[in-house]
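*Asks:* Sequence:
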Amino acid sequence: MIRRPLGNTGLQVSVLGFGAGPVGSPELSESDAEALLKGVLDAGINLLDTAPSYGRSEERIGRYLQGRRNEFVLSTKCGYGVPGEEDWTGPCITQGIDLALGRLRTDVIDIVHFHSCPVDVLERPGVVDSLQRAMEVGKVRVAAYSGENAPLGWALHSGAFGSVQTSVNVFDQRVLDWGLPVAREKGIGVIAKRPLGNAPWRFSERPAAPDIATYWDRMRTMGLDTGGLDWSELALRFAAFVPGVASCIVGTTRTDNLQRNVRALEKGPLPDAMVDRIRDAFRRHDQGWDGLI
1 MIRRPLGNTG LQVSVLGFGA GPVGSPELSE SDAEALLKGV LDAGINLLDT APSYGRSEER
61 IGRYLQGRRN EFVLSTKCGY GVPGEEDWTG PCITQGIDLA LGRLRTDVID IVHFHSCPVD
121 VLERPGVVDS LQRAMEVGKV RVAAYSGENA PLGWALHSGA FGSVQTSVNV FDQRVLDWGL
181 PVAREKGIGV IAKRPLGNAP WRFSERPAAP DIATYWDRMR TMGLDTGGLD WSELALRFAA
241 FVPGVASCIV GTTRTDNLQR NVRALEKGPL PDAMVDRIRD AFRRHDQGWD GLI
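Going by my numbering, the sequence shown opens with residue 1, and the numbers climb by one from there.
Calculated directly from the structure, the hints in this document are not laboratory data. Built from N, CA and C at the ideal position, the CB exists for glycine as well. One or more hints might be untrue.
Computed Cβ-Cβ distance ranges for the label pairs, DEER-style [unchecked claim]:
(1) Ala209 with Trp178: 43 to 51 Å
(2) Arg133 with Asp286: 35 to 43 Å
(3) Glu185 with Asp272: 43 to 51 Å
(4) Leu229 with Glu136: 21 to 29 Å
(5) Val182 with Arg133: 22 to 30 Å
(6) Asp272 with Asp98: 41 to 49 Å
Start from the sequences, fold in the hints, and give me the full structure.
*Replies:* Pasting the structure below:
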């Protein structure tokens, strides 16, 4: 498994990360959750990305991986969902980090993201400062922002964040032209979310879920030829090898999907000519296609 520096943070992350949202599902048994999480580490994946809104995800990571904490880079989110505290306030952030430390059974969280909040929240007194203080006292290693468009631009230029997480995929490419160059220039790490673009190729008709439907529309408009490659492989290899991306996170509850993704990335980047065709198709058909949160 390829490992790359996460910007100037000092962290090294696997090119394939694990989006731990699915492991929080109550439909996943405890034994299956344990096997999945241990299988992630056994596959060489060392970046686990979770959030307090992902069901039992944080708690299960803490329970089943507590003896292997030195084997992975732990990423979570904050800013909301703390009982008795208003979302996106200093006390909410501070207490939210403390609660996450308890659920994750760790003394320090490697990366803590603000979870897709708008610019006016980022500018609110006490918000960024609270995350910075958590770093100063050693509870958090890297302050980060997860989001798109104008708030992502604010985060990249603020000097407050060592890493960002943003949508990077075949159907979501605008950030490649403006955000990733800024991140590279400033030494900010980039974690690509939605690298499979919610896999819209699974649907013969327009799906009901708005985010999947948006990517389905873009896919049909772009009219890409996969050149005989499986759609999942094409999408994953495209996102993982975009210049400036350190890791791309994919969630699953199935170890066979996990292994398939690992095998796909072992093949390396797509041919340059195919990447050029994908980039050109997006640019020609871009109809105000902002990053999808």
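*Asks:* Okay, which hints does this one fail, numbers in order?
*Replies:* Hints 1, 3, 4 not satisfied by this model.
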